[in-house]
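There are 2 protein chains.
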Amino acid sequence: MPRHHMRYAVIGTGAIGGFYGAKLQRSGLEVHFLLHNDHAHVQRHGLKIYSKDGDFSLPAVHAHVKSATIPVCDVVLIALKTTRNYLLEDLLPPWVADHGILLTLQNGLGVEPRLAQLVNPGRVILGGLCFICSHRGAPGEIHHQDYGSLTIGAYGDGYKPQGVTPLLETMANHWRQAGVETFLTPDLGYARWKKLLWNVPFNSLSVVLSATTTEMVTNPQTRTLARDLMEEVQQAAASQGVAIPTTDVEQMLHSTATMAPYVTSMKRDYDHKMPLELEAILGYPLAVARRKGVALPRMTMLHQLLQHMDRHNRHSGREVPGETPAVAPA
Amino acid sequence: MPRHHMRYAVIGTGAIGGFYGAKLQRSGLEVHFLLHNDHAHVQRHGLKIYSKDGDFSLPAVHAHVKSATIPVCDVVLIALKTTRNYLLEDLLPPWVADHGILLTLQNGLGVEPRLAQLVNPGRVILGGLCFICSHRGAPGEIHHQDYGSLTIGAYGDGYKPQGVTPLLETMANHWRQAGVETFLTPDLGYARWKKLLWNVPFNSLSVVLSATTTEMVTNPQTRTLARDLMEEVQQAAASQGVAIPTTDVEQMLHSTATMAPYVTSMKRDYDHKMPLELEAILGYPLAVARRKGVALPRMTMLHQLLQHMDRHNRHSGREVPGETPAVAPA
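Residue numbers (the UniProt record's numbering), protein chains in the order written: chain E, 1 to 330; chain W, 1 to 330.
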């Protein structure tokens with residue numbers, strides 16, 4: 001099919017889906033956006049992207065408040081926060097059971113197998129890893145501060161490596177013509193585990209310690225802890241047949257130490273009292289490793305700590321109602 | 001020696017040393033208090049104890065600003081916070097090398113062997129475990145809210161059990177006559193490790209999670225984590241030849257769940273921006289277990305997290321000077 005006849009659907013028009021969908025539409029593709037809160041505004045005024053690569057507006061977009069009105073598309077981008085995945089079954093257009101390529105731009109591990117459960121066998125599922133700093137502004141506005149690349153790989157049962165297929169090459173072409181730096185990976189599982197190598201220690205510890213990346217790699221104790229956690233990610237990956245070389249660990253510690261201090265995405269969610277993406281970053285990786293008999297005490301402990309912190313963060317206060325804390329005996 | 005001729009020295013006249021020392025003096029013993037900040041005030045006005053068992057004043061006490069002026073005593077109580085143990089060498093009266101029984105009322109593990117290094121071989125060293133809620137008020141004032149018992153055991157090299165010696169019986173007699181509920185333990189090491197069974201999870205997690213004991217044992221994830229940590233304490237103790245039965249673990253979880261919600265002593269120190277007793281609660285136990293080849297990942301991780309939090313808590317802020325945190329790529 002000629003490129004300009006390609007139709008995309010975007011499920012979740014936030015900082016990721018809104019940004020990439022807008023780039024695709026600007027490049028001449030037909031894009032259908034599913035929105036919730038901002039629907040009326042976007043239907044009237046379109047989308048506005050403030051980008052370090054140049055601002056642009058799309059005065060008219062196909063805005064949908066329900067997936068039922070989205071016509072059959074060639075590609076469906078999934079760009080919800082993984083914490084809202086319990087909505088997926090209702091948000092996916094009914095025709096995806098039989099039509100369209102699914103490309104998830106979500107974080108962490110386990111998002112592709114979850115999609116596979118929701119559609120008929122044989123549907124093509126791709127995973128996309130976004131390396132981008134962007135956030136939502138006013139209704140219909142997205143701010144793109146930095147980076148913006150995408151790495152795409154094909155998903156096979158249990159993250160079995162699928163190689164670089166012709167379909168992936170075609171997809172990469174679309175994205176590159178839309179001005180998105182695009183990489184292809186023959187092994188989506190490796191790419192996802194390698195991203196976890198960073199996300200597990202730095203997203204998690206940034207919330208527990210209220211620290212920036214620079215603080216975490218500078219302080220000797222937390223640097224050691226970050227390395228210990230990375231080794232557990234290596235063990236978890238190995239339990240799934242994915243070999244992460246130790247040079248990846250060292251290189252990632254080094255590059256984190258030399259980059260500008262960052263507030264991680266999980267810390268940003270925490271500061272905004274949003275739910276944390278714990279299942280995708282910790283829960284699912286822990287569960288698949290546990291099924292292979294691999295115990296990961298540090299990651300388990302992080303998961304336990306963060307579940308507690310997440311719950312308290314999103315609820316009113318930390319006090320136990322009706323009880324007055326006393327001082328403990330020494 | 002008749003009881004009323006006994007002389008006590010108190011090194012560290014705070015919430016613990018001031019309280020117990022005052023009780024001893026009130027019962028007729030001669031007590032010498034070493035003080036720093038409050039010395040002038042206490043020398044002039046004495047000590048005032050506000051206690052749930054009845055308030056009392058000691059208008060005249062022997063107050064010393066330097067240990068050099070303390071006469072030779074029969075018993076030296078060590079009641080410094082363990083975080084100030086680097087001062088011990090200077091604060092112990094020179095005559096303790098050859099005279100007097102040392103009785104440390106400090107928290108955690110490793111305080112007795114530390115004392116043993118500072119005195120000549122053969123000095124009697126006893127360990128006391130205080131179960132008390134008390135805190136300092138205005139200069140010379142101590143508030144005793146709850147509990148107040150003391151458990152004493154004799155220290156032998158490597159915490160080898162010493163049994164209940166006649167000396168311990170004599171000591172217990174002194175304390176009981178001073179109105180202190182006193183227990184004797186034949187195995188100081190077991191008593192110290194058993195106290196760690198509670199202190200390791202609940203002191204530590206209360207700071208990391210900013211939670212009360214009730215919250216920690218009520219939430220299923222943190223209750224599991226507390227139990228996992230207790231099992232590591234069991235392993236550490238076992239590496240030192242100390243058997244902590246699993247019934248101790250279950251009983252402690254149960255009693256913590258049924259008692260009133262507590263702010264632990266470490267959380268209180270943290271909230272007052274005081275140094276945390278990390279070495280006595282985590283560092284020393286981890287070090288002796290490591291020397292026996294026992295790795296304790298959860299306790300190690302707690303130690304790493306708390307060292308970071310402690311340092312940041314006591315210093316001005318959490319920002320890295322001159323650097324502006326950016327937002328991390330997703």
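Misleading hints may appear alongside valid ones.
Unchecked claim - Derived DEER-like restraints, expressed as beta-carbon distance ranges: (1) D271/W - R136/E: 32 to 40 Å; (2) S210/E - Y86/W: 35 to 43 Å; (3) R290/W - N37/E: 19 to 27 Å; (4) R311/W - D74/E: 26 to 34 Å; (5) R291/W - T246/E: 53 to 61 Å.
Stated by the list, open to error - Just some of the chain E residues that point at chain W, by a computed CB distance under 7 Å: (6) S67; (7) T222; (8) V294; (9) R298; (10) Q307.
What the hints assert, rightly or not - Which residues of chain E face chain W? A few of them, derived with a C-beta cut under 7 Å, are: (11) L209; (12) Q221; (13) L225; (14) Q251; (15) L253; (16) H254; (17) S255; (18) P297.
Quick caveat, the hints were computed from the structure, so don't treat them as lab data. Quick caveat, the model's predicted, so the values are computed rather than measured. We put the CB at the ideal spot given by N, CA and C, even for glycine.
**OP:** Could you check if L209/E really has its C-beta closer than 7 Å to a C-beta on chain W?
**Re:** Where the cut-off is 7 Å and the nearest Cβ of chain W is about 6 Å from L209/E, the hint holds.
Original post:
Is the gap between the beta carbons of S210/E and Y86/W within 35 to 43 Å?
Top reply: For S210/E and Y86/W the Cβ distance comes to about 28 Å; the hint is violated.
Original post:
Do the numbers back the hint for H254/E, that is, is its least Cβ distance to chain W under 7 Å?
Top reply: Result: violated, 17 Å to nearest chain W Cβ.
Original post:
Against chain W, is S255/E within 7 Å by beta-carbon distance?
Top reply: For S255/E, the interface hint is violated, since the closest Cβ of chain W sits about 12 Å away, which is over 7 Å.
Subject >> 53 to 61 Å as the expected CB spacing between T246/E and R291/W, which holds or is violated >> reply: 27 Å, violated
Original post:
If you check the beta carbons of R290/W and N37/E, does the distance land in 19 to 27 Å?
Top reply: For N37/E against R290/W, whose Cβ atoms are near 53 Å apart, the range 19 to 27 Å is violated.
Subject >> Interface hint for P297/E, Cβ within 7 Å of any Cβ on chain W >> reply: 4 Å, holds
Original post:
At a threshold of 7 Å, is the proposed contact between Q251/E and chain W supported by beta-carbon distances?
Top reply: 17 Å, violated
Original post:
Are D271/W and R136/E spaced within 32 to 40 Å by their CB atoms?
Top reply: Hint holds: Cβ distance 36 Å, inside 32 to 40 Å.
Subject >> Cut-off 7 Å, beta-carbon criterion: hint that L253/E touches chain W >> reply: It is violated, given that the least Cβ distance between L253/E and chain W is near 15 Å, above 7 Å.
Original post:
When the nearest CB of chain W is found for T222/E, is that gap smaller than 7 Å?
Top reply: This hint holds: T222/E lies near chain W, its Cβ roughly 5 Å from the closest one there, short of 7 Å.
**OP:** For the hint on Q307/E, just tell me whether its beta-carbon gets within less than 7 Å of chain W.
**Re:** This hint holds: Q307/E lies near chain W, its Cβ roughly 5 Å from the closest one there, short of 7 Å.
Hint check: violations occur at hints 2, 3, 4, 5, 6, 8, 14, 15, 16 and 17; the rest are consistent with the structure.
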